[in-house]
Amino acid sequence: EADIYQTPRYLVIGTGKKITLECSQTMGHDKMYWYQQDPGMELHLIHYSYGVNSTEKGDLSSESTVSRIRTEHFPLTLESARPSHTSQYLCASSDYRGGTNTGELFFGEGSRLTVL
Amino acid sequence: LAKTTQPISMDSYEGQEVNITCSHNNIATNDYITWYQQFPSQGPRFIIQGYKTKVTNEVASLFIPADRKSSTLSLPRVSLSDTAVYYCLVGLGTGRRALTFGSGTRLQVQP
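Protein chains in written order, with this note's numbering: chain R, 811 to 926; chain C, 13 to 123.
Everything labelled a hint here was simulated from the structure, so no lab data went into it. The structure displayed is predicted, hence computed values, not measured ones. No false leads were slipped in.
Where chain R lies over chain C, by a calculated footprint (3+ residues, C-beta under 8 Å):
1. 38-48
2. 53-67
Under the rule of at most 16 Å between Cα atoms (straight-line distance), these lysine to aspartate or glutamate pairs were calculated in the EDC-like manner:
3. C:K15 x R:D869
4. R:K828 x R:E873
5. C:K66 x C:D79
6. C:K15 x C:D43
7. C:K15 x R:E852
8. C:K64 x C:D79
Across the chosen pairs, the derived CB separations fall in these ranges:
9. C:E29 x R:M851: 26 to 32 Å
10. R:E873 x C:T17: 25 to 31 Å
11. R:E852 x C:T65: 25 to 31 Å
12. R:H883 x C:T65: 38 to 44 Å
13. R:T924 x C:V67: 37 to 43 Å
14. C:P77 x R:T881: 34 to 40 Å
15. R:T881 x C:D79: 37 to 43 Å
16. C:Y25 x R:R892: 43 to 49 Å
17. R:D869 x C:P19: 17 to 23 Å
All C-beta atoms in this analysis are idealised placements derived from N, C-alpha and C, irrespective of residue type, glycine included.
Using the sequences and the hints given, assemble the complete structure.
So, in structure tokens, the structure goes:
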């Protein structure tokens, strides 16, 4: 059973508000990811991290920012939310150390953001 | 990063075997092939992973030819609950390589 948690699950806010989506994992994984997915569409990687103090932008340009101060925590922040940010945001983690480890991605249940 | 190509959608009936093929022509020597399943409003979940030949677990089989430029996920005797989107992923996220999903295959199982 995956131990990766996202909060809030659902958030409805007004334009211009600052929001932070939380993601925490208790598996000690080094690698963490944020994906953005609109209903019925594919997942787009927007941020990833290979460890503490490491963050990179993904394939899809995003106005959001992330931080990785602790291994288990990878929050995503939008300084000023807009309707175009309405989407589902999925956090994932993985750990690959070779051998029989599959490097499997473990996903949280997602945070569905609606910006009015 | 290896790009993957899958059919956009497939239809099947309960009890049938379903085979979904993924093309990955520029797969790297160290890349593994992993398949994920995603239900609406949930994150994807791991189904199966392989490097070459055939891998089987309790839910699926994965066939990989010798040239590794494609792979086929086989779901035996599907049920309505197998209706989902299936993604093929190539790579392992080792080193500094990120994991990017393709468009996926939307499988619809009919009664």
